[in-house]
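**Q** Sequence:
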Amino acid sequence: MISSAFPRLVSRAGARVQPLSKARFSTQSSSQSTPLFATKTAVASSTLLAAGSLAWYNHLYGVGSLLPEASANTAGENGMHPTKLPFEHYGPFETFNHASIRRGYQVYREVCSACHSLDRIAWRNLVGVSHTVDEAKAMAEEVEYTDGPNDEGEMFQRPGKLADYMPAPYPNEEAARAGNGGGLPPDLSLIVKARHGAADYIYSLLTGYCDPPAGVKLADGMNYNPYFPGGGIAMARVLFDGLVEYEDGTPATTSQMAKDVTVFLNWAAEPEHDQRKKMGLQALIILSTMTAISVYVKRFKWTYLKNRKIVYDPPKPARHGPL
Numbered sequence: 067m068i069s070s071a072f073p074r075l076v077s078r079a080g081a082r083v084q085p086l087s088k089a090r091f092s093t094q095s096s097s098q099s100t101p102l103f104a105t106k107t108a109v110a111s112s113t114l115l116a117a118g119s120l121a122w123y124n125h126l127y128g129v130g131s132l133l134p135e136a137s138a139n140t141a142g143e144n145g146m147h148p149t150k151l152p153f154e155h156y157g158p159f160e161t162f163n164h165a166s167i168r169r170g171y172q173v174y175r176e177v178c179s180a181c182h183s184l185d186r187i188a189w190r191n192l193v194g195v196s197h198t199v200d201e202a203k204a205m206a207e208e209v210e211y212t213d214g215p216n217d218e219g220e221m222f223q224r225p226g227k228l229a230d231y232m233p234a235p236y237p238n239e240e241a242a243r244a245g246n247g248g249g250l251p252p253d254l255s256l257i258v259k260a261r262h263g264a265a266d267y268i269y270s271l272l273t274g275y276c277d278p279p280a281g282v283k284l285a286d287g288m289n290y291n292p293y294f295p296g297g298g299i300a301m302a303r304v305l306f307d308g309l310v311e312y313e314d315g316t317p318a319t320t321s322q323m324a325k326d327v328t329v330f331l332n333w334a335a336e337p338e339h340d341q342r343k344k345m346g347l348q349a350l351i352i353l354s355t356m357t358a359i360s361v362y363v364k365r366f367k368w369t370y371l372k373n374r375k376i377v378y379d380p381p382k383p384a385r386h387g388p389l
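Its first residue numbered 67, the sequence shown is counted upward by one per residue in this note's numbering.
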């Protein structure tokens, strides 16, 4: 009775289990096929979008823009690399030569200021660096500034003050281009920071004018300078021996004037240079002292932990006396 009922029970169980397993398998297959179809659709859409973008770019700019011709740059295209010069302020603990800054300002004022502006430097910035307060005031008062309006609503002219910025040689960009054959003289406030090579480049550019080599043709109004990208520069040579007369009697050679005006422009680009190095030296001294104190305190506080010896002392077995 039992043996005859058991196969029937197994067959019923098998009949019940088999449809459930098939249903469960079919449900999992349908759930997995949906994300797979979505993934294939996304990949196909991305491929079509990329192909369409490349075709549209090729239609606008041509195949050459996608596969440009490889070519090596030459010194004539990017200019010669300037020589590394031993400027005094290049040392980690060295400051600007302030006598050179004063001479450099004289070169800028008598030579460079006819075409180039110095928009970020005010007369007050010279005080304590290259000139005294009275000297800076006297130079500022030589310039007339437009101010106002006054009580009648009109603009008026007044002498300059220490708070005024150095005047520009031209009222606007169009006037500057008209006075220089179409070229725009750049502002010199940040010229040292804006050129690769910094002060070395400025000095090399000012002293690097020479005759063009054979085979080099320059456009009308251009001058050859190997340190300028392309070799042709609109600015003519401006420094010649004896062009200015220094107040301190320093011989005004071309190299000396180029060096002095380069130092002045380097100071104009970073007037905080000396103060930054002074603060860095102070921070170095303070941090070194604090480091030494921290090492000493650390060794003092941790010495008993690092030098102690831990020994395991097992308990002694108990002695049982006579009962």
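It is worth saying that the hints were derived from the structure and are not from the lab. Treat the hints with caution; some may be incorrect.
[Stated by the list, open to error] Label pairs and their calculated CB-CB ranges: (1) Asp307 x Asn246: 31 to 37 Å; (2) Ser111 x Asn238: 51 to 57 Å; (3) Asn246 x Cys276: 18 to 24 Å; (4) Gly219 x Tyr123: 25 to 31 Å; (5) Gly281 x Gly247: 42 to 48 Å; (6) Asp213 x His147: 25 to 31 Å; (7) Leu120 x Gly247: 56 to 62 Å; (8) Asp213 x Leu347: 41 to 47 Å; (9) Pro381 x Leu350: 34 to 40 Å; (10) Thr369 x His147: 53 to 59 Å; (11) Pro295 x Leu126: 26 to 32 Å.
[To be verified] In silico lysine-lysine, DSSO-like type, Cα no more than 27 Å apart, as pairs: (12) Lys344 x Lys150; (13) Lys259 x Lys343; (14) Lys343 x Lys150; (15) Lys150 x Lys259; (16) Lys364 x Lys382; (17) Lys343 x Lys382; (18) Lys259 x Lys375.
Backbone N, C-alpha and C fix where the C-beta goes; we use that ideal spot for every residue, glycine too.
**Q** Does each hint fit the structure? Answer for all of them.
**A** Going through the hints against the structure:
A C-beta distance of roughly 25 Å is found between Asp307 and Asn246, which places it outside the suggested range of 31 to 37 Å. Distance hint check for Ser111 and Asn238: the Cβ-Cβ separation is about 53 Å, which falls inside the suggested range of 51 to 57 Å. Judged by the Cβ atoms, the range 18 to 24 Å given for Asn246 and Cys276 holds: they are separated by roughly 22 Å. For Gly219 and Tyr123, the hinted distance range of 25 to 31 Å is not satisfied, since their beta carbons lie about 58 Å from each other.
A hinted range of 42 to 48 Å for the beta carbons of Gly281 and Gly247 is inconsistent with their spacing of about 25 Å. The supplied range of 25 to 31 Å is broken by Asp213 and His147, whose beta-carbon atoms lie about 47 Å from each other. Distance hint for Leu120 and Gly247: a CB-CB separation of about 44 Å, inconsistent with the stated range 56 to 62 Å. Checked against the hint of 41 to 47 Å, the pair Asp213 and Leu347 passes, with Cβ atoms roughly 43 Å apart.
At about 58 Å, the beta-carbon gap between Pro381 and Leu350 misses the expected band of 34 to 40 Å. About 56 Å separates the C-beta atoms of Thr369 and His147, a value consistent with the hinted range of 53 to 59 Å. Restraint check, Pro295 to Leu126: a C-beta distance of roughly 29 Å satisfies the suggested window 26 to 32 Å. Taking the CA atoms of Lys344 and Lys150, the gap is about 25 Å. The hint holds against a cut of 27 Å.
Taking the CA atoms of Lys259 and Lys343, the gap is about 18 Å. The hint holds against a cut of 27 Å. For the hint linking Lys343 to Lys150, the alpha-carbon distance of about 21 Å falls within 27 Å, and the restraint holds. Proximity of Lys150 to Lys259 is assessed by CA-CA distance (about 16 Å); at most 27 Å being required, the pair is judged to hold. For the hint linking Lys364 to Lys382, the alpha-carbon distance of about 39 Å lies beyond 27 Å, and the restraint is violated.
The suggested pairing of Lys343 with Lys382 is violated, with an alpha-carbon distance near 69 Å, which exceeds 27 Å. Only pairs whose Cα atoms come within 27 Å are accepted, and Lys259 paired with Lys375 is rejected, the gap being roughly 61 Å.
When each numbered hint is compared with the structure, violations occur for hints 1, 4, 5, 6, 7, 9, 16, 17, 18.
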